[in-house]
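**Q** Heads up: the sequence shown is residues -16 to -1, 1 to 175, going by mature numbering (1 follows the signal peptide of the UniProt record, and there is no 0).
Hints listed in this document are in silico derivations from the structure and should not be mistaken for laboratory results.
Some hints here could point you the wrong way.
[What the hints assert, rightly or not] Keeping only pairs whose Cα atoms sit at most 25 Å apart, straight-line, the calculated SDA-like set for lysine to any residue is:
hint, residue 1, residue 2
1, Lys13, Thr24
2, Lys13, Phe35
3, Lys13, Leu33
4, Lys87, Ser100
5, Lys87, Val124
6, Lys13, Ala26
7, Lys13, Asn(-4)
8, Lys87, Val116
9, Lys14, Phe35
10, Lys175, Cys165
11, Lys14, Thr24
12, Lys14, Glu(-2)
13, Lys87, Val68
14, Lys13, Val23
15, Lys87, Phe98
16, Lys87, Phe76
17, Lys13, Val2
18, Lys14, Val1
19, Lys14, Cys(-13)
20, Lys13, Val3
21, Lys87, Tyr111
22, Lys13, Leu34
23, Lys14, Gly40
24, Lys175, Leu164
[What the hints assert, rightly or not] FRET-style restraints, in silico, Cβ to Cβ:
hint, residue 1, residue 2, range
25, Ile144, Val94, 48 to 54 Å
26, Tyr111, Ile(-10), 20 to 26 Å
27, Thr45, Val154, 17 to 23 Å
28, Cys165, Asn128, 37 to 43 Å
29, Val27, Glu131, 38 to 44 Å
30, Glu63, Val124, 35 to 41 Å
31, Leu(-14), Val154, 22 to 28 Å
32, Asn77, Phe47, 45 to 51 Å
Cβ atoms here follow ideal geometry from the backbone N, Cα and C, with glycine treated the same way.
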Amino acid sequence: MLLCLGISTLFGNIEGVVVPLTDLNILPKKWPQEALTGVTCAVAFIISLLFAQHSGIYWVTLFDNFAGSVPLLTIGFFEMIAVVYIYGIDRFNEDLEFMVGHKPSIFWQVTWRFISPLIVLVILVSYLVTRVQEELTYLVWDPNSEEFPSLASVPYPSWINVIIFLLAGVPSLAVPVYALCRLVFICCRNK
């Protein structure tokens, strides 16, 4: 049963990668769907070998600590700003009224305009401040411990900051960089 659950989950995950890459013309549409899926699975397999090495727990810990938190908060914040202030909350309310049949209450208006962006921004800033102030460490098995098996906290090497920037910074910068490029494109087109 778990095998079937895992395989069925992978169908959705692979389609979630292949379809956008095909729609954005990164992968050629002429290729058969099976070939695109096979190439995507092969690339994912090669990347996953990083986690199966002797240093696998090191990389899993690194990805666990840095690949999800900052990018998700940053992208969520910019999505809220884009929907509320760029797309427009009034247009968004009209869309909701068309779909649901009634406009959202004043509670949702205030929450979407002020409370949610403020809360996400406070969480993001406080997370970044606490992460910058603490020493970056990870847990490893300590074979010399008298209470073996036990974990010891070991600091990351200094070069890991580049990897952390790639894991957390690049996805976080994708949304504002795209917005800036789009703004420049629109300004240049209107001249």
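**Q** Taking the hints in turn, state whether each one holds.
**A** Hints, verified against the model:
{"no.": "1", "hint": "Lys13 with Thr24", "result": "holds, 14 Å"}
{"no.": "2", "hint": "Lys13 with Phe35", "result": "violated, 31 Å"}
{"no.": "3", "hint": "Lys13 with Leu33", "result": "violated, 28 Å"}
{"no.": "4", "hint": "Lys87 with Ser100", "result": "holds, 19 Å"}
{"no.": "5", "hint": "Lys87 with Val124", "result": "violated, 53 Å"}
{"no.": "6", "hint": "Lys13 with Ala26", "result": "holds, 18 Å"}
{"no.": "7", "hint": "Lys13 with Asn(-4)", "result": "holds, 19 Å"}
{"no.": "8", "hint": "Lys87 with Val116", "result": "violated, 42 Å"}
{"no.": "9", "hint": "Lys14 with Phe35", "result": "violated, 33 Å"}
{"no.": "10", "hint": "Lys175 with Cys165", "result": "holds, 16 Å"}
{"no.": "11", "hint": "Lys14 with Thr24", "result": "holds, 16 Å"}
{"no.": "12", "hint": "Lys14 with Glu(-2)", "result": "holds, 17 Å"}
{"no.": "13", "hint": "Lys87 with Val68", "result": "holds, 15 Å"}
{"no.": "14", "hint": "Lys13 with Val23", "result": "holds, 13 Å"}
{"no.": "15", "hint": "Lys87 with Phe98", "result": "holds, 18 Å"}
{"no.": "16", "hint": "Lys87 with Phe76", "result": "holds, 10 Å"}
{"no.": "17", "hint": "Lys13 with Val2", "result": "holds, 11 Å"}
{"no.": "18", "hint": "Lys14 with Val1", "result": "holds, 17 Å"}
{"no.": "19", "hint": "Lys14 with Cys(-13)", "result": "violated, 31 Å"}
{"no.": "20", "hint": "Lys13 with Val3", "result": "holds, 10 Å"}
{"no.": "21", "hint": "Lys87 with Tyr111", "result": "violated, 35 Å"}
{"no.": "22", "hint": "Lys13 with Leu34", "result": "violated, 30 Å"}
{"no.": "23", "hint": "Lys14 with Gly40", "result": "violated, 37 Å"}
{"no.": "24", "hint": "Lys175 with Leu164", "result": "holds, 17 Å"}
{"no.": "25", "hint": "Ile144 with Val94: 48 to 54 Å", "result": "violated, 42 Å"}
{"no.": "26", "hint": "Tyr111 with Ile(-10): 20 to 26 Å", "result": "violated, 35 Å"}
{"no.": "27", "hint": "Thr45 with Val154: 17 to 23 Å", "result": "holds, 19 Å"}
{"no.": "28", "hint": "Cys165 with Asn128: 37 to 43 Å", "result": "violated, 53 Å"}
{"no.": "29", "hint": "Val27 with Glu131: 38 to 44 Å", "result": "holds, 42 Å"}
{"no.": "30", "hint": "Glu63 with Val124: 35 to 41 Å", "result": "holds, 37 Å"}
{"no.": "31", "hint": "Leu(-14) with Val154: 22 to 28 Å", "result": "violated, 34 Å"}
{"no.": "32", "hint": "Asn77 with Phe47: 45 to 51 Å", "result": "violated, 39 Å"}
In summary, the numbered hints that this structure violates are 2, 3, 5, 8, 9, 19, 21, 22, 23, 25, 26, 28, 31, 32.
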